[in-house]
Amino acid sequence: MTAAVAVDLGKTGCRAVLIGTDGTAGPVHEVPGSPGLAAEGGVEAARAAVRAAVLPLIREHHAQGRLAAVCVGAAGAAAAPEAARTLAELLLRDLPADEVAVTSDAVTAHAGALGGRTGVVLAIGTGSVAIGIGEDGSYARVDGWGPWLGDEGSGAWIGVTGLRAALRAHDGRGPDTALLAAATRRFGDPDTLPAALAAGGNPARTAASFAPDVAHAAAAGDRVAGIIVGDAATALGEAVLAAAARITGEVLPVTVTGGLTGLGEPLMAPLRAALEGSARPLSPRPPLGDPLDGARLLARDATVPHESHVVRVRRTTPPPSVPITPVTPPAVA
Numbered sequence: 036m037t038a039a040v041a042v043d044l045g046k047t048g049c050r051a052v053l054i055g056t057d058g059t060a061g062p063v064h065e066v067p068g069s070p071g072l073a074a075e076g077g078v079e080a081a082r083a084a085v086r087a088a089v090l091p092l093i094r095e096h097h098a099q100g101r102l103a104a105v106c107v108g109a110a111g112a113a114a115a116p117e118a119a120r121t122l123a124e125l126l127l128r129d130l131p132a133d134e135v136a137v138t139s140d141a142v143t144a145h146a147g148a149l150g151g152r153t154g155v156v157l158a159i160g161t162g163s164v165a166i167g168i169g170e171d172g173s174y175a176r177v178d179g180w181g182p183w184l185g186d187e188g189s190g191a192w193i194g195v196t197g198l199r200a201a202l203r204a205h206d207g208r209g210p211d212t213a214l215l216a217a218a219t220r221r222f223g224d225p226d227t228l229p230a231a232l233a234a235g236g237n238p239a240r241t242a243a244s245f246a247p248d249v250a251h252a253a254a255a256g257d258r259v260a261g262i263i264v265g266d267a268a269t270a271l272g273e274a275v276l277a278a279a280a281r282i283t284g285e286v287l288p289v290t291v292t293g294g295l296t297g298l299g300e301p302l303m304a305p306l307r308a309a310l311e312g313s314a315r316p317l318s319p320r321p322p323l324g325d326p327l328d329g330a331r332l333l334a335r336d337a338t339v340p341h342e343s344h345v346v347r348v349r350r351t352t353p354p355p356s357v358p359i360t361p362v363t364p365p366a367v368a
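Mapping to this note's numbering: the sequence shown position 90 is 125, numbers consecutive.
Just so you know, these hints were derived from the structure itself, not from any lab. A quick note: this is a predicted structure, and the numbers were derived from the prediction, not measured. Be a bit skeptical, because a hint or two may be false.
As the list claims (entries may be wrong) - What follows is a list of derived Cβ distance ranges for each label pair:
| id | residue 1 | residue 2 | range |
| --- | --- | --- | --- |
| 1 | 95 | 313 | 45 to 53 Å |
| 2 | 338 | 234 | 16 to 24 Å |
| 3 | 172 | 224 | 49 to 57 Å |
| 4 | 183 | 273 | 16 to 24 Å |
| 5 | 57 | 347 | 20 to 28 Å |
| 6 | 313 | 57 | 35 to 43 Å |
| 7 | 224 | 321 | 25 to 33 Å |
Yeah, the Cβ is synthetic: ideal placement off N, Cα and C, and Gly gets one too.
Assemble the whole structure, with the sequences as input and the hints as a guide.
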């Protein structure tokens with residue numbers, strides 16, 4: 036089979052991997068991510084990020100040029116299905132592939148974490164979403180509504196809540212907390228914090244960068260930070276239980292994936308405790324792979340239970356040639 040490329044396009048980073056003709060993963064190239072397909076200008080930002088991640092891989096590691104498929108798991112695709120189709124059509128123009136598939140990064144996270152099988156996957160990073168797929172094809176998506184309407188318990192949610200607590204302490208409206216000093220170390224003068232969040236063009240990603248500081252303060256015994264992380268775990272547990280309640284299966288495999296798991300026990304211990312209260316039998320297990328592994332699977336297999344949530348467009352004209360000049364990642368992703 037001809038080589039393919041899988042892409043994990045998140046709000047923080049965009050990773051692309053070249054898949055050999057035997058299905059094995061090759062080199063990975065990473066560039067900044069994009070704000071999400073549902074954001075203003077989200078399609079063009081996503082297009083620029085994918086091009087910047089994929090084209091150097093083809094140019095440097097795939098002399099033949101032509102690809103069987105490119106599969107992109109993109110943040111915001113579930114909330115903006117038309118944008119997902121538009122992105123697929125644009126990428127088919129840009130890349131020398133016979134087919135381009137676009138789906139939600141939550142769907143690729145599910146496919147990667149459970150190896151294409153059924154169950155519930157909680158994907159937590161800058162955003163958060165729980166995806167459930169049942170034995171009869173039943174499907175549930177819980178949260179993933181973005182930083183302004185949802186993503187409760189996510190990196191952005193923890194970061195924003197922590198920064199609000201820091202500013203309340205700064206104003207004298209709230210209790211003292213180590214988060215004020217932590218916010219000052221990371222972002223500078225608290226009076227300039229709104230400008231600092233907006234400066235990078237992706238406030239959710241910038242806020243999420245503060246989540247490790249909140250977890251560190253919680254682990255050190257800061258009461259305010261501990262409440263924030265505990266509330267995040269509660270919200271994430273509620274998302275998993277809601278997804279589990281909407282799909283079929285006797286004992287549901289459940290796994291948690293995403294960069295926010297790197298916060299460690301301050302978040303994961305109360306999350307495990309929240310899941311122990313499930314009325315349905317759950318089978319917690321470590322993830323088999325990550326969203327990039329899920330995109331690899333979906334690039335080469337259209338028979339898995341996730342297929343109804345994938346947009347695929349196929350080529351009817353000759354593929355474009357690969358640009359010889361280097362592709363520069365977008366300045367603001």
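Now for the hints, and whether the structure bears them out:
1. As the Cβ distance of residue 95 to residue 313 is approximately 47 Å, the hint placing it in 45 to 53 Å holds.
2. Restraint check, residue 338 to residue 234: a C-beta distance of roughly 46 Å breaks the suggested window 16 to 24 Å.
3. In this structure the supplied range 49 to 57 Å holds for residue 172 paired with residue 224, their Cβ-Cβ distance being about 53 Å.
4. Roughly 19 Å separates the CB atoms of residue 183 and residue 273, a value that falls within the hinted 16 to 24 Å.
5. Checked against the hint of 20 to 28 Å, the pair residue 57 and residue 347 passes, with Cβ atoms roughly 22 Å apart.
6. Separation of residue 313 from residue 57 is about 40 Å and conforms to the stated range, judged on CB atoms against 35 to 43 Å.
7. In this structure the hint that residue 224 and residue 321 lie 25 to 33 Å apart at CB is violated, the actual value being about 42 Å.
In this structure, the hints that do not hold are numbers 2 and 7, in rising order.
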